[in-house]
Amino acid sequence: MNKIRDYYSTVVNNTLIDNNIYLIEMFLPGFDGKAEPGQFMMIKIDETYDPFLRRPYSILECKKERLKILVKIVGRGSEMIAQKKKKDRLYVLGPLGVGFSVDKNSHSVLVAGGMGIAPLWFLARGLMKGKKKFSIVYGERTTSLLGKEMDKTFGERVFFVTDDGSRGLKSTASDALPSFLDNLPYRESTIYACGPHGMLKEVINFGMGRNIPVYVSLEERMACGIGVCLGCSVKRKGKYGFLTVCRDGPVFKGDEVEI
Amino acid sequence: MKIDLSTKIGKLKFKNPVLTASGTFGYGLLINEIFDISRLGGIITKSITIRSRPGNPAPRIVEAACGMLNSIGLENKGIENFLDEVLPKIKSFNTNVIASIAGETVDEYGRLAEKLDRNVSAIEVNISCPNVKKGGMSFGQDLSSTKKVVKKVRRKTSLPVIVKLTPNITRIEDIAKASEENGADAVSIVNTYEGLSIDIYRRNSKLGGFSGGLSGPAIKPLALFAVWKVAKNIDVPVIGCGGIMNFSDAIEFFMAGASLIEVGSATFSDPNASLRILKGVKHFLEEENIKSIKEIVGIVDEN
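Listed in order, the protein sequences are those of chains A and B. Residue numbers for the first sequence follow this note's numbering, beginning at 1 and rising by one. Residue numbers for the second sequence follow this note's numbering, beginning at 1 and rising by one.
Don't read these hints as lab results, they were simulated from the structure. The beta carbon of each residue, even a glycine, is placed where N, CA and C say it ideally should be. Hints may contain errors.
Stated by the list, open to error - One-sided and incomplete, this derived list gives chain A residues near chain B with beta-carbon spacing under 10 angstroms:
#1 Lys3
#2 Tyr7
#3 Ser233
Said to hold, decoys possible - Using 30 angstroms as the maximum straight-line C-alpha spacing, the simulated DSSO-like pairs for lysine-lysine come out as follows:
#4 A:Lys3 to B:Lys15
#5 B:Lys89 to A:Lys239
#6 A:Lys239 to B:Lys77
Construct the complete structure from the given sequences, taking the supplied hints into account.
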């Protein structure tokens, strides 16, 4: 695992890419650019004590001294990060957690709901670079610019699903998944999923029922991001005790955790 | 100028007065990957219980203005796991390892102290956790229970005994005095303040465990006042704790009467906080031409 460091970073670009969603690119001096898809960063909003805690963000993309994250405004903290301008400074701690480990012998099916695309975007870019075949089932409420961006980047690999039918199939990602898989010409598949709680639950149940390996990236409120506060514990499936989302995850095997 | 940062609790020597608060530093292993924790005066472990505890339901953390509420519920794998799995890994830290213990009964505190005797540098007796149904804070809110727990632990170990007190009581100085009279070598002041945060749309608490413990800079003036009140009433050292974010906060606690300090939730917003604070304290003493930390302990009082 790479050494965890706190990078005193500078915003290079902040672009509004969709309603309430910002793509922020940062300069991280000294960062070697090495991280696994699924790993995250803890971002300190400013030098004051309010907000007190850092906010966890999945790595969308990274390279030497550069990091991109996707920020959706859901509360005061994310709003303050979204308002950062070019040259503003942020402390960025990471890379943190355990990311996706890809099974090279099976076809990767990435299932994302809404903002759940962030860690899977990173995974998909890596698969693309490695010239691996993969598919993305992308579910969202309605047509968004983020979806358009996906179309531009990953093209026909993306199967679109919307709640209102405004793009692709009128359904949800988890409902559309079984027939999507049935129509794939591959014998072995592995599912990598991130999105709303309900969606993840359904995807795990589906995978277990069909004996298809499922990896999920979980989200939980956390204080430290490094495994010491035990604020983000998630129940172990079938065994007594808890795992931490920040340290043991955020990526877990579907049969490992109770969600 | 050579600055003397060393201090003592009973016979136990500390190379400097900066410790990390229980529940905010794990067992030191993870943060030791970020910086060399042997530079600190000591670490205080996550509270250890007799049996393994799963902890409270999620969400366990909610932010508050300049602080946070937690409802972890003493999640830990129990004393046997600590002795077999954790202790061998942390024994070699070149700093004081203080084990925090939490019992559901007076007897459990005694058994925990007995098992830890000779295995760690000191014991911190947690009678102040606000997030458990049995034991915890209920001991620290009652004079006679406090006496019983401290007396029991004192009898079962020769290690220095530190008692961590709750501020959720009218007269913390009485509990501190009772701890001292029954054999405590030091008191830690304070654990978290009980608090609540409500989700107005769900019409329920934002925490899975309903109420939680408030920590962070939000409680600093309250904690500092509690330290000042207690320090003038007892002779054993006071360990100050509550919202210490930087060196000047730490200096305030020393001046109010703390001989040592614990850095708590500051570690969550900056994993290097305790080391940064230690460096800042040293720098302040140098700048102010103060040769020993002891010179400023309890220097502030009413006129």
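Here's how the hints hold up against the structure:
1. Annotation: interface hint on A:Lys3 holds; nearest CB of chain B at approximately 7 angstroms, less than 10 angstroms.
2. Interface hint status for A:Tyr7: violated, as the beta-carbon distance to the closest one in chain B is roughly 12 angstroms, over 10 angstroms.
3. For A:Ser233, the interface hint holds, the least distance from its beta-carbon to any beta-carbon of chain B being 6 angstroms, beneath 10 angstroms.
4. Proposed proximity of A:Lys3 and B:Lys15 is supported: the alpha carbons are some 28 angstroms apart, at most 30 angstroms.
5. At most 30 angstroms may separate the alpha-carbon atoms for a hinted pair to count; B:Lys89 and A:Lys239 meet this at roughly 25 angstroms.
6. Simply put, A:Lys239 and B:Lys77 have alpha-carbon atoms about 13 angstroms apart, close enough for the 30 angstroms limit, and the pair holds.
Consistency with the previously given hints fails for number 2 only.
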